[in-house]
Amino acid sequence: MMSSLPLADLSDLFLRFLMLSLLSIGGAMSTAPEMHRFLVAERGWLDDAEFTTAIALAQAAPGPNVLFVPVLGFQVAGVLGAAAALLGILLPSTLLSLGVSRWGAQRRDAPVVRAFTAGLAPVSVGLVFATGWLLSLPFIAAPDHRLGALALIAATMVVTLKTRLAPIWMIVVGATVGALGGV
Amino acid sequence: MTPAAPDHPRPRSPLHLFIAFTVLALQGFGGVLAVAQRELVDRRRWMTREEFVDAYSVAQLLPGPNVVNLSLMLGDRFFGWRGAFAAISGMLLAPLVLVIVLAASYNQLAGFPAVAGALRGMGAVAAGLILAMALKMLGTLRRNPLGPVLCALLGLTTLVAVTVFRAPLAWVVIGLGTAGWCIARWCIARREHGR
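These protein sequences, in sequence, are chains G and Y. Here the first sequence stands for residues 1 to 183, numbered as in my numbering. Here the second sequence stands for residues 1001 to 1195, numbered as in my numbering.
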């Protein structure tokens, strides 16, 4: 872990992630299997446990899930590796998104563009429900603290829908309840 | 994306945008999307719910992390590329430093059961935040040109494809998104024809 990598390997990592960026439709997580193939199977820079740890850490820390990518880079080659991985995965997709959103904003009222956002909206809502369901599943599947976790999920939903409380306070409550063994 | 109505609050400067996105990113345990909706729509009112769903739909279909694409679009709308840069930096910089520090000290932390418990508690709250957000997004479909039946059909198909069949996200978004787009074109054309 954190061995320094020759510059040639570092630029190799950067270029590989640059290509993956354009394939990461639906988020960076969709390219995780491909990253695993490259970093673990092909190059042997990381082992399975290190790869899984990177994803778990990024989930546990605040911020976008894409941050598992710089953690992978960090495990491979320290801070330089983190920078190469993050810039690689973000640069192409970001430039493309900027171009597309500007193009779309100018043609907002064209039927093609209106149909695009209208047709995708139900899919987006379905995906958010699916995400909520998949995130709740491990709590429903674990019998020992199922009730505590479900109560916490339900309480969060009620507070979110009925008040304008900032989410960080709900997170603090969840962490406290969890640290005391309630979940 | 529609520009904000004149009476809509808006960020004062790229720096304001940077700070707002830092604040929201640091609250985003287990995903930033629900927090972004809460902060940008409910609390700061820089976007309406409909604008948020539109921007999110487009962000979803483009490659790259959805919330990063979403920040970029919002920042660009207010202050051009400077705003886009400010929003993305706010979204990524502070969490990046945190997660790298965490990765560097992971081996010392992993042994405490209270840490594992706290993480589970935070995970449950994250799940609740996402489900509440989904319920709020549901309301925005009321004005969708597809109408309630087609919306429900498309949304439920997506839900089942992802949760039951575990279909890869790219295929779901491209496949069902294209279907939704074609149906919507037909619905809009028919409505404008009938007018």
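Just so you know, these hints were derived from the structure itself, not from any lab. Do not rely on the hints blindly, as some may be mistaken.
Unchecked claim - Okay, derived cross-link-like pairs now, SDA-like style, lysine to any residue, Cα gap no bigger than 25 Å in a straight line:
no., chain 1, residue 1, chain 2, residue 2
1, G, K162, Y, A1179
2, Y, K1136, Y, D1042
3, Y, K1136, Y, L1015
4, Y, K1136, Y, A1179
5, Y, K1136, Y, A1114
6, G, K162, G, S136
7, Y, K1136, G, A166
8, Y, K1136, G, A151
9, G, K162, Y, E1192
10, G, K162, G, P143
11, Y, K1136, G, L5
12, G, K162, Y, T1048
13, G, K162, Y, V1023
14, G, K162, Y, G1139
15, Y, K1136, G, A56
16, Y, K1136, G, P138
17, G, K162, Y, S1089
Name the hints, by number, that the structure is in violation of. Of the numbered hints given earlier, those the structure breaks are 1, 3, 5, 9, 10, 11, 15 and 17, listed in rising order.
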